[in-house]
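Student: Residues per chain, in single letters:
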Amino acid sequence: MEPLMAVAIGLLYATAIFMMLRRSIVKLVIGLMLLSNAANLLIFTTAGMTRGAPPLIAEGMMQPPSGVADPLPQAVVLTAIVIAFGVLAFAVVLIRRAYEVVKADDLDKMKDTDT
Amino acid sequence: MRPEVALPVLLPLLSGAISLLFWRSRPMQRFMAVAGNVALLIVSLWLFVSTLSDGYVTMQMGSWPAPFGITLIADLLSAVMVLMTAIIGLAMGIYSLATTGRGHEKFGYYPLMHLLLAGVTGAFLTGDIFNLYVWFEVMLVASFALLILGGERAQMEGAIKYVTLNLLASVIFLTAVGLLYGMVGTLNMADIALRMDEAEHTGMVEVLAVMFMVAFGIKAAAFPLFFWLPASYHTPPVAVSALFAGLLTKVGVYAMFRVFTLIFDQTMGYLQDIMLWGAVFTMVTGVLGAAAQYEFRRILSFHIVSQIGYMILGLALYTPLAIAGGVFAIVHNMVVKTNLFLISGITHRLQGTYQLKKMGGLYRERPWLAIAFFISAFSLAGVPPLSGFFAKFVIVRAGLEVEAYVATGIALAVGLMTLYSMVKIWNEIFWKSLPEDNLVPETATPTGDDGRLLKPSLWMMYLPVMVLALSSLLIGVFAEPIMWVMTGIGDQLLEPRGYIEAVLGASASAEDVLLDSAVATDEEPKADAGEELP
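Residue numbers (the numbering used here), protein chains in the order written: chain A, 1 to 115; chain B, 116 to 649.
Same shape as in the complex, but just chain A (with noise of 0.2 Å):
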């Protein structure tokens, strides 16, 4: 299972870079979108997956058997998920937003402000 998920995240990146460095701002936001859920796929992959063990404690014992999943990265990808969704919303108003008043979606129309 693992190899197979790796070969999916590096996909996800490689997707999410290639989004990312197109001139147009939804590809943009699209690419952003890919490498959140990338990293998040990232997390979960990294800390073992361990199929059919829920990380329960039997009656009387003070700790789970080893062996079983880890719980943690699923609670982080989680909060990981929530921050990466909110943060999304916020940059698709604001590509309309910026596609109102610029009135073109190309980055390279976005350069007034450089130096």
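None of these hints come from the bench; they were simulated from the model. Owing to the predicted nature of the structure, the values given are computational and were not obtained by experimental measurement. Backbone N, C-alpha and C fix where the C-beta goes; we use that ideal spot for every residue, glycine too. Watch out, some of these pointers could steer you wrong.
[To be verified] Here's a subset of chain B near chain A, in silico, CB distances under 7 Å, partners left out: (1) 252; (2) 269; (3) 272; (4) 275; (5) 282; (6) 290; (7) 293; (8) 294; (9) 296; (10) 297; (11) 350; (12) 479; (13) 482; (14) 485.
Based on the hints, put chain B in the right spot on chain A.
Tutor: Chain B only, in chain A's frame:
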């Protein structure tokens, strides 16, 4: 239970919540802008005094023992940074009363300001690396919204670059955190530091260190990752510019100081050169960029970049003295840079423009403003006896001690170039007479950033400027006690054992580590991690 660690995070959140509840009541929001920040300043002082006497103040969230729950910890560095944040926050709270147009107030300027401060103090106080990411995001989201307040074309263009690059930095940071967790199986920074020392050395550690360096480098606007800053910082309302200039990049620098002294202290041998040259190029490109500009806020933006170089140089030299100098540079820069932006706001109100060519004659009209600018500008350039001189002096001295002559020489030359830029502003705005074609000597009709008339309340703008200028002077005069604190910070950072013990308990008890090994199955933590420390 030490509430003073949690209060600097909770109070701005509370003020923000109260401001949100009084969404329609402008007087209440304005009252909270001052009262909330006064309260923040008081608890920050409390925290600072506690850390001065105890060294470290920690608090475990929800009383979960250390590596499991989220730890809040203040060492001297955190306490000083929080204190400076509170000072800047209060200055901005007062200043914003005079400059924020009603339109902006209606769209939640004050709640956002409080949330931004909460994000900043949270980042300074957390002892958990994922929590650090979360606070970064809190800070970023608030800053995004503040940056586009008003929605003008320039703001949109600046915001797209700002948002994209900062999000990219966040993702790099998050990726690095994920990989780090995969390697050591913990998120608590003290615990990570402990396990890093025993993890076998594969190339992964260096890769992670570089990822953290890039992520924080983007946020701190270090060379070659700084270009979002001069493209965006001159676009928002001036109070927002000043707030960003004083706080945001410094959080990135703080994170660098924290991560590279605590977690990646052993990779510094490998990274030191990269960081050193990064710092040198940051200084040089920033100051050269500023030399080419003739717009007040753009010049100042480039100087933020340039000053970041000094702070990172302090870290890159990696001796207690150099780190003390780096932190001194952060403290000095927060005061001075904010103040210069505030002054640019006043001159904008007086003369209706940020273009140096169109301004002039302010020395005759407003001598006190000229003096405040003089103090801040020459402090930035490092003229004795102002605050910038001592920051630079300590870094240069530390550089000479480790025989980094080239970097030190460049740092001095950059000081001279900074002086050039500041003298340029001085000549254009204060010294030369007002050009004939400037049509705006309509001094007493101030407008907010959205063009609507405000009450003439110039004293609210002057008060923070004068106080900050005075504190720059005082930092210079009382350099010795401040240097004493900074030396304490340098010693604490380079001796992370104290930090680790403050978080994990004196012996980093074997019981905890045993319990850990059951959870982190793919690692083999040695049972008695605590005893193996040098």
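Student: Would you mind marking each hint as holding or not holding in the structure?
Tutor: Here is how each hint holds up against the structure:
| no. | hint | in the structure |
| --- | --- | --- |
| 1 | 252 | 5 Å, holds |
| 2 | 269 | 5 Å, holds |
| 3 | 272 | 4 Å, holds |
| 4 | 275 | 6 Å, holds |
| 5 | 282 | 5 Å, holds |
| 6 | 290 | 5 Å, holds |
| 7 | 293 | 3 Å, holds |
| 8 | 294 | 6 Å, holds |
| 9 | 296 | 6 Å, holds |
| 10 | 297 | 3 Å, holds |
| 11 | 350 | 6 Å, holds |
| 12 | 479 | 31 Å, violated |
| 13 | 482 | 32 Å, violated |
| 14 | 485 | 27 Å, violated |
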